[in-house]
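Chains as they are written, first to last, in my numbering: chain A, 1 to 455; chain B, 1001 to 1228.
The hints are simulated quantities; they were obtained by calculation from the structure and are not laboratory data. Mixed in with the good hints, there may be bad ones.
What the hints assert, rightly or not - Computed cross-link-like contacts, DMTMM-like style, restricted to lysine to aspartate or glutamate with a CA-CA straight-line distance of at most 20 Å: (1) Lys1102/B / Asp282/A; (2) Lys307/A / Asp1151/B; (3) Lys307/A / Glu1087/B; (4) Lys329/A / Asp1193/B; (5) Lys191/A / Glu151/A; (6) Lys1102/B / Glu68/A; (7) Lys307/A / Asp240/A; (8) Lys6/A / Asp313/A; (9) Lys307/A / Asp1086/B; (10) Lys1202/B / Glu328/A; (11) Lys1128/B / Glu1108/B; (12) Lys1202/B / Asp240/A; (13) Lys1102/B / Glu296/A; (14) Lys363/A / Asp1186/B; (15) Lys1102/B / Glu327/A; (16) Lys54/A / Glu187/A; (17) Lys363/A / Asp1086/B; (18) Lys376/A / Glu338/A.
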Amino acid sequence: MSISSKVSRTVVFRLTLFYSLFFALCVVLLLGFVYWQTAREMNRRVDQILTLEKRHFAALPTDRLPDEIDRSVARDQRHVYLYGLFAPDGHWISGNMQQLPGGIPMNGRIYQVDLLVPHIQEDLLPARVMIYRLASGELLLLGHDVKQLIEFGDLMKITFAWGGSLTILLGLVFGIVLSSHPLSRIEQIQKVCERIMLGDIRQRLPVGKRSDELDMLAAIVNRMLDEIERLMSEIKGAGDNIAHDLRTPLTRLRVLLYRVQQQLGEAPAQRVMVDQAITEVDSLLLRFRALLRISEIENKQRRAGFKTIRLPDILEQAVSLISPLAEEKSIRMSMKTEVVNPVHGDGELLVEAMINILDNAIKFTPAEGRVEVSLKQDDRGPRIDITDSGIGIKESERVLVLNRFYRSENDLKLPGYGLGLAIVMAIIKLHGFGFELSDAGPGTRVTIFCWPHSI
Amino acid sequence: MARILVIEDDAITAQEIVNELASHDFEVEWASTGNEGLARALTGNHDLITLDRMLPAMNGLSIVTALREKKIDTPVLMISALSDVDERVDGLRAGGDDYMVKPFAPEEMAARVEVLLRRRNPPSREHKLRVSDLELDLVARQVMRGEKVLDLLPTELRLLEYMMRNSGQILTRTMLFESVWGYHFDPGTNIIDVHIARLRRKVDAPNMPPLIHTVRGSGYTLSEHFSK
């Protein structure tokens, strides 16, 4: 998901945008109201003036009207008044309106019209105008130019546009800024959750100091994780306890069998049976030991035993320890190591992990096959690949084989308890390394990424 | 006849240890508390002590430390329920000579006791180890069987050296893995058997009297005379 679509999906962003749209609408309404009120007031005043003028002229005798109109025109420095006195036949007598505009009822009421008044303005002039017939039959036109009001309206329209779009723009900016904080929180939470899903149940979501909605949610999830972790460790603990508790009676059973074996002397039939019984008990004990070993490694939270390790040495030791096993099966075992950065770890545990991996590789590779170990310096750290030409692991089983006791269908005929890779995983996790099983077509490739990973 | 002091608070475990050691013709004494054990260890003239790492009231580690401070260097085999490598390191650092994790197979314990007792005899100043017609030159790092020089890999040489130094003793797979390779985990496979088999093919050529023997259910031994 792109960042912009992420931002636009946040609640904060949507709320902010909604509010700014709403606010912009309010601004428009308010300005509209102001305009409407102002226009009404201006018109009222103009009308009042016109009414007063009408009264003034009406009170004068008809013969004084042309002079009085000329004087009024001369007084009007701003050229906002319109006067016109016409003979009953519509012929001009005096005033700055030299033609009687058509279309206006001559009833003395005020109308708003657009007039052509060449000496004031070239194009049409908006004005409020009244015409009425004097008692003597002449027609008197009184008008007032309302150009200002129209200009004021235009100004208002521009203000609407700017005000509205600025409000919306600011809303957008605020929305993005405000939603970036919850988004970064969500990203943190997402990272932690990914680590938890990959098995690191000890991780907890970050809880801020502000106790906002996200904090409350994170706290609830954390409590849930606590509970899950407790239950998981209870289950695992129960398993470990069983292994631990059964080990002592099994050892005693073995002691007894051993005594019987010692005292039987040469009684071949019984002796074979006792030998078998001891072998069975040994294999049980081995399984329990491996189980306890896993929890022992898993519980090693501290890394006190960690030192700087040279990986080529580790691989050398593991390969030299296990190579006779490969030779027995005529499997060609080879090792290629590059100069790599030293890593921080527990050498003996890493040898143990390598032995388990190599032992598996040899077990699942038919005679005359090959097992290759390679050590390379990757961009981020050393990387170990163990590739075999064996039967491979089905994609569907690649995660399962890492679990305790899981044994592949192919594997059931071979000796083992399905604990080897679980031990490997415990060791890898303790080191914080990465681990991957992939197809080497044919065969399996195990890769260990020796740099901090979340598994 | 070697005298062995067993310091162990759990009666059943103690009984197992005493029985097993007695069956190997050792003279065994049992002390059930730390104080009693320390007192006896200080006065008695023992050849070896098996010591529980965790005793009520007194830590096994402090007993070893006390003994070593008094310049008593009786070999101590520490037996503990704590299997962690760090615990092992602590035990050995305090002055223990070997470390075993409970529960254990009694023959493993007996084999370790035998090896510790053997170690007590001052190592020969000779630079050659000899068992029958097998000879290992420690300086030249060369092995001869009769007149024939054997071509051994470094690991095989270390394995053979350990077996020759403890010839006649039963050596368990765990002991071999710990002593020759220095690892304390469970290899989980038959690696040791394969290494022994390889060494055996080089040392015991066909139609030669074999020197490396398998002790059923326990481990291996290298000796001239071996009866099953």
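Verification of the hints:
no.: 1; hint: Lys1102/B / Asp282/A; in the structure: holds, 14 Å
no.: 2; hint: Lys307/A / Asp1151/B; in the structure: violated, 35 Å
no.: 3; hint: Lys307/A / Glu1087/B; in the structure: holds, 17 Å
no.: 4; hint: Lys329/A / Asp1193/B; in the structure: holds, 14 Å
no.: 5; hint: Lys191/A / Glu151/A; in the structure: violated, 59 Å
no.: 6; hint: Lys1102/B / Glu68/A; in the structure: violated, 131 Å
no.: 7; hint: Lys307/A / Asp240/A; in the structure: violated, 29 Å
no.: 8; hint: Lys6/A / Asp313/A; in the structure: violated, 49 Å
no.: 9; hint: Lys307/A / Asp1086/B; in the structure: holds, 14 Å
no.: 10; hint: Lys1202/B / Glu328/A; in the structure: holds, 15 Å
no.: 11; hint: Lys1128/B / Glu1108/B; in the structure: violated, 28 Å
no.: 12; hint: Lys1202/B / Asp240/A; in the structure: violated, 44 Å
no.: 13; hint: Lys1102/B / Glu296/A; in the structure: holds, 15 Å
no.: 14; hint: Lys363/A / Asp1186/B; in the structure: holds, 17 Å
no.: 15; hint: Lys1102/B / Glu327/A; in the structure: violated, 35 Å
no.: 16; hint: Lys54/A / Glu187/A; in the structure: violated, 77 Å
no.: 17; hint: Lys363/A / Asp1086/B; in the structure: violated, 32 Å
no.: 18; hint: Lys376/A / Glu338/A; in the structure: holds, 5 Å
Against the hints set out earlier in the document, violations occur for numbers 2, 5, 6, 7, 8, 11, 12, 15, 16, 17.
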